[in-house]
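J.: Sequence:
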Amino acid sequence: MRSLAPRTIALYNADKTGSALPGLLLEDFSDALTAYSKLGGTKAPQIIDDPSAADATVSAWYWNGQATPLPSLSGRLDYAIVCCDGTDVDTAQLAYSFSENDIALTGSLWAGTLVIMGAEKLAEHMGRPRMGRSRRYASEAIDDLVLALRCGSEYPSAVASPRRPIRLER
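For the sequence shown, position 89 (counting from the first letter as 1) is numbered 105 according to our numbering, and the numbering increases by one without interruption.
Keep in mind that the hints were calculated from the coordinates and are not lab data. Every residue gets a Cβ at the ideal spot worked out from N, C-alpha and C, and that includes glycine. Check the hints yourself; a few may be wrong.
[Stated by the list, open to error] Derived DMTMM-like pairs: lysine to aspartate or glutamate, alpha-carbon spacing no greater than 25 Å straight-line:
no.	residue 1	residue 2
1	Lys54	Glu43
2	Lys59	Glu136
3	Lys137	Asp31
4	Lys59	Asp106
5	Lys137	Asp104
6	Lys137	Asp65
7	Lys59	Asp71
8	Lys137	Glu170
9	Lys137	Asp66
10	Lys54	Asp159
11	Lys137	Asp106
12	Lys32	Asp101
13	Lys54	Glu136
14	Lys54	Asp31
15	Lys59	Asp47
16	Lys54	Asp65
17	Lys32	Asp65
18	Lys54	Asp71
19	Lys54	Asp44
20	Lys54	Glu140
21	Lys59	Glu170
[What the hints assert, rightly or not] What follows is a list of derived Cβ distance ranges for each label pair:
no.	residue 1	residue 2	range
22	Lys59	Glu136	34 to 42 Å
23	Gln109	Glu170	12 to 20 Å
24	Glu170	Gln62	28 to 36 Å
25	Gly81	Lys54	19 to 27 Å
26	Asp65	Asn117	32 to 40 Å
27	Asp47	Cys167	29 to 37 Å
28	Gly102	Thr58	16 to 24 Å
29	Ser53	Ser113	28 to 36 Å
30	Thr50	Pro172	33 to 41 Å
Could you build all of it, start to finish, from the sequences and the hints given here?
T.: Structure follows, in C-alpha cells:
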C-alpha cells in the first residue's frame, strides 16, 4: 500500500437501490474531511467528479445481497462505505466480502471497507446532529475513514453498528 496522501478524491455514489443514504454518507464524509482539514491547518484534498482522474475514491452503496458494479479505477486507492439493514454479524461479513470482491474487479487498490449497519433507520436520522445519539456510531466511523484517506493509508475495515462493535474476518 502506498503511503502518499491523495491530492484529489472522487466521492462516488455507486448505489443502484434508490436509497438516499449512500449520498448522505458521502456528504457527511465531505463535511468531515473539510472540518478536519481546517482544524489541522492543512489543505483538504480537492474533490473532483471523475473517479478515473482522482488519486483516491470513496464509493458508497446500499448492499442488497448482490454484487455492485463499480467503475474501473486501475491503480487508485478505493475506500468503500457499504450500508446494510439490521445488525446481524453474518450480514455484515457478507457485505464486507462482496465489497472487497467488487473493488478487486475494478483493478483499483482496495484500501478498506466501512460497513454501516442499521441503515434502515439511519437515513431518517441524517438530519440530526452529527454526533447526536442516533447517528454517532456512523459519524465516528466516517471520521476514522477520513483519517485513513488523509494519510493515504489502509482503513482497518470495520463495522459501525448501533448496538455494538463487530469484528470482520478477512
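J.: Would you mind marking each hint as holding or not holding in the structure?
T.: Each hint tested on the structure:
no., hint, verdict
1, Lys54 / Glu43, "17 Å, holds"
2, Lys59 / Glu136, "35 Å, violated"
3, Lys137 / Asp31, "17 Å, holds"
4, Lys59 / Asp106, "39 Å, violated"
5, Lys137 / Asp104, "15 Å, holds"
6, Lys137 / Asp65, "29 Å, violated"
7, Lys59 / Asp71, "15 Å, holds"
8, Lys137 / Glu170, "28 Å, violated"
9, Lys137 / Asp66, "31 Å, violated"
10, Lys54 / Asp159, "14 Å, holds"
11, Lys137 / Asp106, "19 Å, holds"
12, Lys32 / Asp101, "15 Å, holds"
13, Lys54 / Glu136, "32 Å, violated"
14, Lys54 / Asp31, "30 Å, violated"
15, Lys59 / Asp47, "14 Å, holds"
16, Lys54 / Asp65, "22 Å, holds"
17, Lys32 / Asp65, "18 Å, holds"
18, Lys54 / Asp71, "21 Å, holds"
19, Lys54 / Asp44, "15 Å, holds"
20, Lys54 / Glu140, "28 Å, violated"
21, Lys59 / Glu170, "20 Å, holds"
22, Lys59 / Glu136: 34 to 42 Å, "37 Å, holds"
23, Gln109 / Glu170: 12 to 20 Å, "19 Å, holds"
24, Glu170 / Gln62: 28 to 36 Å, "22 Å, violated"
25, Gly81 / Lys54: 19 to 27 Å, "39 Å, violated"
26, Asp65 / Asn117: 32 to 40 Å, "26 Å, violated"
27, Asp47 / Cys167: 29 to 37 Å, "19 Å, violated"
28, Gly102 / Thr58: 16 to 24 Å, "38 Å, violated"
29, Ser53 / Ser113: 28 to 36 Å, "33 Å, holds"
30, Thr50 / Pro172: 33 to 41 Å, "23 Å, violated"
Hints 2, 4, 6, 8, 9, 13, 14, 20, 24, 25, 26, 27, 28, 30 from the list above are not met by this structure, while the remaining hints are.
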